[in-house]
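Peer 1: This is what each chain is made of:
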Amino acid sequence: MTTVDDETARPGRRDPAPALEVSRRPNPLERLRHVWRYRELLGNLVRKELKVKYKNSVLGFVWTLLNPALYLVVFSLVFQEVLRVQIPYYAIFFLSGLLVWNFFSTALTAGTMSITSNAQLVQKVWFPREILPLAAIGAAMVHFLLQAIVLVGALALFRRAPSFEYLPAVPVAFLVLLVLAAALAIGLSAINVYLRDTEHLLELTLLAWFWLSAIVYPYSLVADRLGPAREWIASLNPIIPIVITFQKALYNPDPARFAWYTNSPTFDPNNVLADQAAPAIPDHPIGWYLTHLAAVGIFAVVLLLGALWLFGRLEDDLAEEI
Amino acid sequence: MTIDDIDTTTATASALELPAIEVEHLSTSYRIHVGATTAWGGFLDLLHRGSEKDRVVPAIRDVSFDVPKGSVTCIVGRNGAGKSTLLRCLAGILAPQEGRVVVRGRITSLLTIGIGMNGRLTGRENIRLGGLAIGMEPDRLADLTGDIADFAQLGEYIDYPVETYSSGMRARLGFAVAAHLDPEIVLIDEALTGGDSKFQSRVAEKMNEMTSGGRTIVLVTHGMMAVLEMASQGIWMHQGQVMEKGDPEQVVAAYMRYCRLESTEMDMD
Numbered sequence: 001m002t003t004v005d006d007e008t009a010r011p012g013r014r015d016p017a018p019a020l021e022v023s024r025r026p027n028p029l030e031r032l033r034h035v036w037r038y039r040e041l042l043g044n045l046v047r048k049e050l051k052v053k054y055k056n057s058v059l060g061f062v063w064t065l066l067n068p069a070l071y072l073v074v075f076s077l078v079f080q081e082v083l084r085v086q087i088p089y090y091a092i093f094f095l096s097g098l099l100v101w102n103f104f105s106t107a108l109t110a111g112t113m114s115i116t117s118n119a120q121l122v123q124k125v126w127f128p129r130e131i132l133p134l135a136a137i138g139a140a141m142v143h144f145l146l147q148a149i150v151l152v153g154a155l156a157l158f159r160r161a162p163s164f165e166y167l168p169a170v171p172v173a174f175l176v177l178l179v180l181a182a183a184l185a186i187g188l189s190a191i192n193v194y195l196r197d198t199e200h201l202l203e204l205t206l207l208a209w210f211w212l213s214a215i216v217y218p219y220s221l222v223a224d225r226l227g228p229a230r231e232w233i234a235s236l237n238p239i240i241p242i243v244i245t246f247q248k249a250l251y252n253p254d255p256a257r258f259a260w261y262t263n264s265p266t267f268d269p270n271n272v273l274a275d276q277a278a279p280a281i282p283d284h285p286i287g288w289y290l291t292h293l294a295a296v297g298i299f300a301v302v303l304l305l306g307a308l309w310l311f312g313r314l315e316d317d318l319a320e321e322i
Numbered sequence: 001m002t003i004d005d006i007d008t009t010t011a012t013a014s015a016l017e018l019p020a021i022e023v024e025h026l027s028t029s030y031r032i033h034v035g036a037t038t039a040w041g042g043f044l045d046l047l048h049r050g051s052e053k054d055r056v057v058p059a060i061r062d063v064s065f066d067v068p069k070g071s072v073t074c075i076v077g078r079n080g081a082g083k084s085t086l087l088r089c090l091a092g093i094l095a096p097q098e099g100r101v102v103v104r105g106r107i108t109s110l111l112t113i114g115i116g117m118n119g120r121l122t123g124r125e126n127i128r129l130g131g132l133a134i135g136m137e138p139d140r141l142a143d144l145t146g147d148i149a150d151f152a153q154l155g156e157y158i159d160y161p162v163e164t165y166s167s168g169m170r171a172r173l174g175f176a177v178a179a180h181l182d183p184e185i186v187l188i189d190e191a192l193t194g195g196d197s198k199f200q201s202r203v204a205e206k207m208n209e210m211t212s213g214g215r216t217i218v219l220v221t222h223g224m225m226a227v228l229e230m231a232s233q234g235i236w237m238h239q240g241q242v243m244e245k246g247d248p249e250q251v252v253a254a255y256m257r258y259c260r261l262e263s264t265e266m267d268m269d
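So the protein lines, in turn, are chains A and B. So for the first sequence, the working numbering puts the first residue at 1; every next one is plus one. So for the second sequence, the working numbering puts the first residue at 1; every next one is plus one.
Think of the hints as simulated: they come from the structure by calculation, not from any bench. Hints should not be assumed to be uniformly reliable.
Cut-off 25 Å, straight-line C-alpha distance, at most; resulting in silico cross-link-like pairs (SDA-like, lysine to any residue) [stated by the list, open to error]:
| hint | chain 1 | residue 1 | chain 2 | residue 2 |
| --- | --- | --- | --- | --- |
| 1 | A | Lys-51 | B | Glu-156 |
| 2 | A | Lys-48 | B | Asp-143 |
| 3 | A | Lys-55 | B | Arg-124 |
| 4 | A | Lys-53 | B | Pro-161 |
| 5 | A | Lys-51 | B | Thr-122 |
| 6 | B | Lys-69 | A | Glu-21 |
| 7 | A | Lys-55 | B | Thr-164 |
| 8 | A | Lys-55 | B | Gly-119 |
| 9 | A | Lys-48 | B | Thr-145 |
| 10 | B | Lys-198 | B | Gly-155 |
| 11 | A | Lys-53 | B | Ser-166 |
| 12 | A | Lys-48 | A | Ala-119 |
| 13 | A | Lys-51 | B | Asp-143 |
| 14 | A | Lys-53 | B | Asn-118 |
| 15 | A | Lys-48 | B | Asp-150 |
| 16 | A | Lys-48 | B | Ala-142 |
| 17 | A | Lys-53 | B | Tyr-165 |
| 18 | A | Lys-53 | B | Glu-163 |
| 19 | A | Lys-48 | A | Asn-67 |
| 20 | A | Lys-48 | B | Ser-166 |
| 21 | A | Lys-53 | A | Asn-67 |
| 22 | A | Lys-48 | B | Leu-141 |
| 23 | A | Lys-48 | B | Pro-161 |
| 24 | A | Lys-53 | B | Arg-124 |
| 25 | A | Lys-48 | B | Leu-144 |
Some chain B residues judged to face chain A by a derived CB distance under 10 Å, without partners named [what the hints assert, rightly or not]:
| hint | residue |
| --- | --- |
| 26 | Glu-24 |
| 27 | Glu-98 |
| 28 | Gly-105 |
Note that beta-carbon positions come from the ideal geometry of N, C-alpha and C, so glycine has one too.
Kindly generate the complete structure, drawing on both the sequences and the hints.
Peer 2: Here it is in structure tokens:
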């Protein structure tokens, strides 16, 4: 829909409705304007997402808090007790990575299905369709904030402070994460209308992606085995710089604890992790983290522009194909 | 034709007289994917529209008409004549392949029943969501919610999820929303079939009120009586083309003649 200049804005009429050429598709700038004009709808859709998700459940939002806690119990059991990978304060380490991942996977899963699950609205009313995947991202942000409470709880429980030196990088990392998630959600939401395989493929992809993202195990565990090419290989997974930035800033074990581990009687020299005196997360200055985030950021912005282009291409037949 | 061309001749006249909807040489078609295409092939087809493998079914062919402000335009025709597709194009939901549609005024599209209601939300929440999707001002919407609930006669059900409603209740809510959101243009597709007779008369009353209030209505219907009673303009569509338009009585007469002709042909088979 494009606004047509109706030369004289009809005199004597209150609230003149602009003439719309509904048959023409808007350019990217007009798209942004439309989204802004419909921001109130965006807010309502976010509320709807949150409400419908926990409809008819007794615990409701408690599930959002329970999710990381239950994950933590399972992974602590498997890694600390069964596999005996010794990481001090594993709870804090795991939760800081999981926080990033849960946002990413909820945003992508809900975003991909956002248009198909709102079919009734799409078929009957015109509004900027980008609003739907964006609402899924907004709902994921609310879950992110709630799950951050669990992490803060873990920090308080173990009496660990975050690393204040690296904390400024966290908002940057989140912004990059937001753009990346938005790009993928917008693109996938439109593709999913035509190819419903997308949502099934995404489920499997996310499972593999989770294990490749250094969330349950420390990044150095793999990075050290990759040798000199590690920077290059790791950069293939855009989520890793975001995850390790969160871990670096929020997981701040006392270096003395490592000495305690290496000297402890339970220390196993064959244990890949414990035998490195180096910390679990790359020990680089904050600039190193910011540079990597910037690289992912540029990639994410390019991806977002591509996704918007694709969305515009596929949008015309959305209501018909849905 | 460019945007600047429109209305330059009438610019000096009162802009109020510009038609509410202008449809010029509108054409659109459905593509039906024939044969088994691979997922990837199907995806590529999306980017290169109009692949040879698709069968193209024209839905609307070179349709042009104006809808004057404050008029009631009734569109009649058999199933599959392209009436609903046309309404979707007017609402901006479908993008036509050729031609253009210019709309002056805020549109409420009551395509089929209800404005895309979500069963898991309550009536009240659906009113808010639908109103915002149509482009209502949030404050104005809040003021109107009570009126809408009253008109739909839902009582306490307004705070129950829509999935608990009967189809008549849904239809009532749908119409109430569309009628109260202060639209300047209302598009209605067979919505009058829902609801009991008592509600039907309230619908007719509301429609009269809307037209006398200077609103523009485009109605797709099978009820010839409705056309004769309300319409100020009639359009008969057949196989995506406009067969007859103008005076409602003439349009209805032409359409009825065609229907009779066709039924006698069927009798002879």
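Peer 1: Which of the numbered hints above does this structure break?
Peer 2: none
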